[in-house]
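S.K.: Input sequences plus hints: build the corresponding full structure.
Per the working numbering, the very first residue in the sequence shown carries number 1; after that it's consecutive.
Misleading hints may appear alongside valid ones.
Below are the DSSO-like pairs computed for lysine-lysine, each with C-alpha atoms no more than 27 Å apart in a straight line [stated by the list, open to error]:
1. K162 / K13
2. K143 / K157
3. K36 / K171
4. K127 / K143
5. K157 / K127
6. K146 / K157
7. K9 / K127
8. K157 / K36
9. K36 / K9
10. K162 / K36
No lab work stands behind these hints, which were simulated from the structure alone.
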Amino acid sequence: MTTEERLAKHLDKTPDIHADAYVSPHATIIGDVTLKALSSVWPGAVLRGDINSIVIGEGSNVQDGSIVHLADDYGVEVGDYVTIGHLAMIHACSIGDESLIGMSSTVLDGAEIGPRCVVGANALVTKGFVAPEGSVIMGVPGKIVKTMTPAEMAGLKAWAEKYVQVSAGFKARGL
Numbered sequence: 001m002t003t004e005e006r007l008a009k010h011l012d013k014t015p016d017i018h019a020d021a022y023v024s025p026h027a028t029i030i031g032d033v034t035l036k037a038l039s040s041v042w043p044g045a046v047l048r049g050d051i052n053s054i055v056i057g058e059g060s061n062v063q064d065g066s067i068v069h070l071a072d073d074y075g076v077e078v079g080d081y082v083t084i085g086h087l088a089m090i091h092a093c094s095i096g097d098e099s100l101i102g103m104s105s106t107v108l109d110g111a112e113i114g115p116r117c118v119v120g121a122n123a124l125v126t127k128g129f130v131a132p133e134g135s136v137i138m139g140v141p142g143k144i145v146k147t148m149t150p151a152e153m154a155g156l157k158a159w160a161e162k163y164v165q166v167s168a169g170f171k172a173r174g175l
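M.R.: Below you can see the structure in the form of structure tokens.
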């Protein structure tokens, strides 16, 4: 598919934002982007679905200043109850349910972050990296430094649930 064909297919779409999602008026969402119920996108975040698609799962949040973009061969799929920390760069990858992506981290093309993983702050997850469930990834380049216990994995969803509550507060106040 040519770039022009990709633009016609994706950029010309209107974002599909669930009525229960929260989008800051200071965020930018363009093209083929789907925000599921209870998801949130915060000030300064940019989600640009111009040449492929972006899906943000139920209860997931994209925090302030983060960028979500894609590539010809890879869209972005973020699972349910995922927290994407401030200033993260999410590019053409997939992130499993209940994962936590640390502040200022980068996840690159074709990377697959499994469910209930943590990508540490400032980590660089390189192209094609695959992290199984429960992985903690840290460093530049990112490496799996440990596997979380079931109890540690179970605690990750709470980070996203907090943002569901906070976004409801913003919506109730018309912010």
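S.K.: Each hint: holds or not?
M.R.: Hints and how they fare:
Among the hinted pairs, K162 with K13 is inconsistent with the structure: their alpha-carbon atoms are about 31 Å apart, more than 27 Å. At roughly 23 Å between alpha-carbon atoms, K143 and K157 fall within 27 Å of each other, so this suggested pair holds. Between K36 and K171 the CA atoms are separated by roughly 16 Å; this keeps the pair inside 27 Å, and the hint holds. For the suggested pair K127 and K143, the alpha carbons sit about 13 Å apart, so the restraint of at most 27 Å is met.
The straight-line distance between the Cα atoms of K157 and K127 is roughly 26 Å, inside the 27 Å bound, and the hint therefore holds. About 19 Å separates the Cα atoms of K146 and K157, which keeps this hinted pair within 27 Å; it holds. The straight-line distance between the Cα atoms of K9 and K127 is roughly 25 Å, inside the 27 Å bound, and the hint therefore holds. Of the supplied pair hints, the one linking K157 and K36 holds, its CA atoms being roughly 16 Å apart against a limit of 27 Å.
Among the hinted pairs, K36 with K9 is consistent with the structure: their alpha-carbon atoms are about 21 Å apart, no more than 27 Å. At most 27 Å may separate the alpha-carbon atoms for a hinted pair to count; K162 and K36 meet this at roughly 17 Å.
The structure shown violates just one earlier hint, number 1.
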